[in-house]
Amino acid sequence: MKLIKKEDLPGLYGYLASAGKKIFAPVRKNGMVSFSFTSAFEEIEMSYIQTKLSAKAAAFPKIEKLMKYTIQKEGQSYEPYDVEKFPGIVVWGAHPCDAAAFHPLNAVFTWETHDKYFTRRLENLLIIGLSCTSHDEFCFCTSVGVHPGDTKGSDIQLTPLPGGDYLAEIITTKGEAVAAAVPALFSPAPGLNKEELVTSVEKRFDHEALHAKINGMFDHPVWKEQALRCIGCGACTYVCPICSCFDIQDEGGIFGGLRYRCWDSCGFGHFTIHTSGHNPRESQDTRWRQRLMHKFSYQPQRQEVFGCVGCGRCSRNCPVDMNISEHLTQIMAV
Amino acid sequence: MNKLKEKAKELLSSRAVQVVVGYEEGTGGKIRPAFVSRPEDADKLLYNADCHHNLALYLYKHETKRIGKMAVVAPPFVLRSILILTTEFQLEEDSLVVLGVTPEEELIEFANFKEIETWVNQHPIGMKEKDREMLNRLNAMSRDERWQFWQNEFSKCIKCFACRGTCPMCSCFRCTVDYNAPQWISVGSHQLGNFDWHLMRAMHLAGRCSVCGQCGEACPMDIPVHLLSFQINEDIFKMFGSRAGLTLKKESLLSTWKSNDVENFIR
Numbered sequence: 018m019k020l021i022k023k024e025d026l027p028g029l030y031g032y033l034a035s036a037g038k039k040i041f042a043p044v045r046k047n048g049m050v051s052f053s054f055t056s057a058f059e060e061i062e063m064s065y066i067q068t069k070l071s072a073k074a075a076a077f078p079k080i081e082k083l084m085k086y087t088i089q090k091e092g093q094s095y096e097p098y099d100v101e102k103f104p105g106i107v108v109w110g111a112h113p114c115d116a117a118a119f120h121p122l123n124a125v126f127t128w129e130t131h132d133k134y135f136t137r138r139l140e141n142l143l144i145i146g147l148s149c150t151s152h153d154e155f156c157f158c159t160s161v162g163v164h165p166g167d168t169k170g171s172d173i174q175l176t177p178l179p180g181g182d183y184l185a186e187i188i189t190t191k192g193e194a195v196a197a198a199v200p201a202l203f204s205p206a207p208g209l210n211k212e213e214l215v216t217s218v219e220k221r222f223d224h225e226a227l228h229a230k231i232n233g234m235f236d237h238p239v240w241k242e243q244a245l246r247c248i249g250c251g252a253c254t255y256v257c258p259i260c261s262c263f264d265i266q267d268e269g270g271i272f273g274g275l276r277y278r279c280w281d282s283c284g285f286g287h288f289t290i291h292t293s294g295h296n297p298r299e300s301q302d303t304r305w306r307q308r309l310m311h312k313f314s315y316q317p318q319r320q321e322v323f324g325c326v327g328c329g330r331c332s333r334n335c336p337v338d339m340n341i342s343e344h345l346t347q348i349m350a351v
Numbered sequence: 055m056n057k058l059k060e061k062a063k064e065l066l067s068s069r070a071v072q073v074v075v076g077y078e079e080g081t082g083g084k085i086r087p088a089f090v091s092r093p094e095d096a097d098k099l100l101y102n103a104d105c106h107h108n109l110a111l112y113l114y115k116h117e118t119k120r121i122g123k124m125a126v127v128a129p130p131f132v133l134r135s136i137l138i139l140t141t142e143f144q145l146e147e148d149s150l151v152v153l154g155v156t157p158e159e160e161l162i163e164f165a166n167f168k169e170i171e172t173w174v175n176q177h178p179i180g181m182k183e184k185d186r187e188m189l190n191r192l193n194a195m196s197r198d199e200r201w202q203f204w205q206n207e208f209s210k211c212i213k214c215f216a217c218r219g220t221c222p223m224c225s226c227f228r229c230t231v232d233y234n235a236p237q238w239i240s241v242g243s244h245q246l247g248n249f250d251w252h253l254m255r256a257m258h259l260a261g262r263c264s265v266c267g268q269c270g271e272a273c274p275m276d277i278p279v280h281l282l283s284f285q286i287n288e289d290i291f292k293m294f295g296s297r298a299g300l301t302l303k304k305e306s307l308l309s310t311w312k313s314n315d316v317e318n319f320i321r
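Sequence order for the protein chains is E and B.
Numbering-wise (the working numbering), the first sequence opens with residue 18 and increments by one.
Numbering-wise (the working numbering), the second sequence opens with residue 55 and increments by one.
Please keep in mind that the hints were generated in silico from the structure rather than gathered at the bench.
Hints are supplied without guarantee of correctness; some may be wrong.
[Stated by the list, open to error] In silico SDA-like pairs for lysine to any residue, Cα to Cα no more than 25 Å straight-line:
no., chain 1, residue 1, chain 2, residue 2
1, B, 84, E, 291
2, B, 84, E, 151
3, B, 84, E, 350
Please model the complete structure; the sequences and the hints are all you need to start from.
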């Protein structure tokens, strides 16, 4: 356990920036706080409850160029974007939910195919976590195996102290390398109980019990009831730090273009439509069921990870208040 | 609104309808759409000025229709939407009981759609003051400034299509953006694609928008997309003297040919 003084934190930022890293941090812009690439320490907002979008874009951007292609008389040529050119990114100030989310996200991108675009970005990622000293009613991390001081996924974890200084835990070898490069910024920590510094989020349900129960609920009528107000947009999917569905598109002209991948959502009506016209998930309740079972039944079964970290973004941003912890509590009760 | 709850209970108990689509208290102080099928659940139905979702959206979805005959709690913008959708063959009078609710929290039991048509013509609805102010500000800008404004706004767009999802008039089973042979509109979130999407949607809504503002309300990135349609509505009123949702005539302003159509753009 170390201490970083309030006045030394900009030095850590400066070191990382001068090492050529792009620093992805919470910034207040247009009336909302969201992760943005920063050019100065002063842009960063360290005291926030939750950002609009998660930090997943650091490894899984909303739109990502995969390759260029050209079509000529002689044939076609392809030029993949060079993954070696991906810059190192620092995710600065990710709450435990966001830091922990990279693990289940990685499980998807390395499940059967080793996605080089994602894995290369993740290899180059340094995560500076930020423990939570407050939360709101949409947070439910403790119900899904995460907690406000959790260090899972962080390379260095900062915990705010009342005076403006930070406790710093060096978690991984990547974190150790940073601490070793700027040792003057890290001083010994006073004997403090981290538990007392972080907020306390009441547990609403047990995630193992939820997983056991939801496994058998494919044909349950509750899905029809819960999904009636869902409008089938992608807001919950896109703000989620773990949702990973994507579309691949070619855009260009007759003689060439660009292939990219972009975020997609299983909530959209035509997400599963076949070329034949058949749609195995034709109604919104089957799509809602898919969302919850994917996160709480299929991912735990197939990939041994939970598909939710309780960040609450889906619930805050849903236009019709599909509050996921409310729905999950209802599922536990039926 | 006790009269509303009582009426809902009566409709459900007598099995005149199988579901009442209305509003209820949600989480975090929000109000959300409600679907009540049991008389005893009617007590959660409420109506006040914070009820903003355009419930007309749910009335043609097969997920709602399969429950049975529907009643809908309808503030003025929902009444206008119901008329628009009826002229577009999306709703049928027989399948619906319309419970009008006014800003003064009165309940109006419409006996038929003709009564709705009469009522909406007697009670015009305008834009909210802050939207009117924003439009004035945008119109006072130079073309370049306006372009910059929308560039900045659309740079936030994540193509979640909440704007489309929340709009009753976005009723196409397969949206233009869902076609991929050819891919008319980009699905990814990039500058050109974002403009494509929003401008295309605004054009498809021209003459059909009920000015409920829900597209802007639904946007998780706080982009005021509703202003695009609001402005087009004003332009259409200037050009054609009409607003959407005031008639049951099965005619579309921009798609129905009339011999006296103004053709001053042909030179």
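Restraint status (C-alpha distance of residue 84(B) to residue 291(E) at most 25 Å): violated (37 Å)
Pair hint outcome, residue 84(B) versus residue 350(E) [Cα-Cα no greater than 25 Å]: holds (23 Å)
Hint consistency between residue 84(B) and residue 151(E) [alpha-carbon to alpha-carbon, up to 25 Å]: holds (21 Å)
Of the numbered hints stated above, the single one contradicted by the structure is hint 1.
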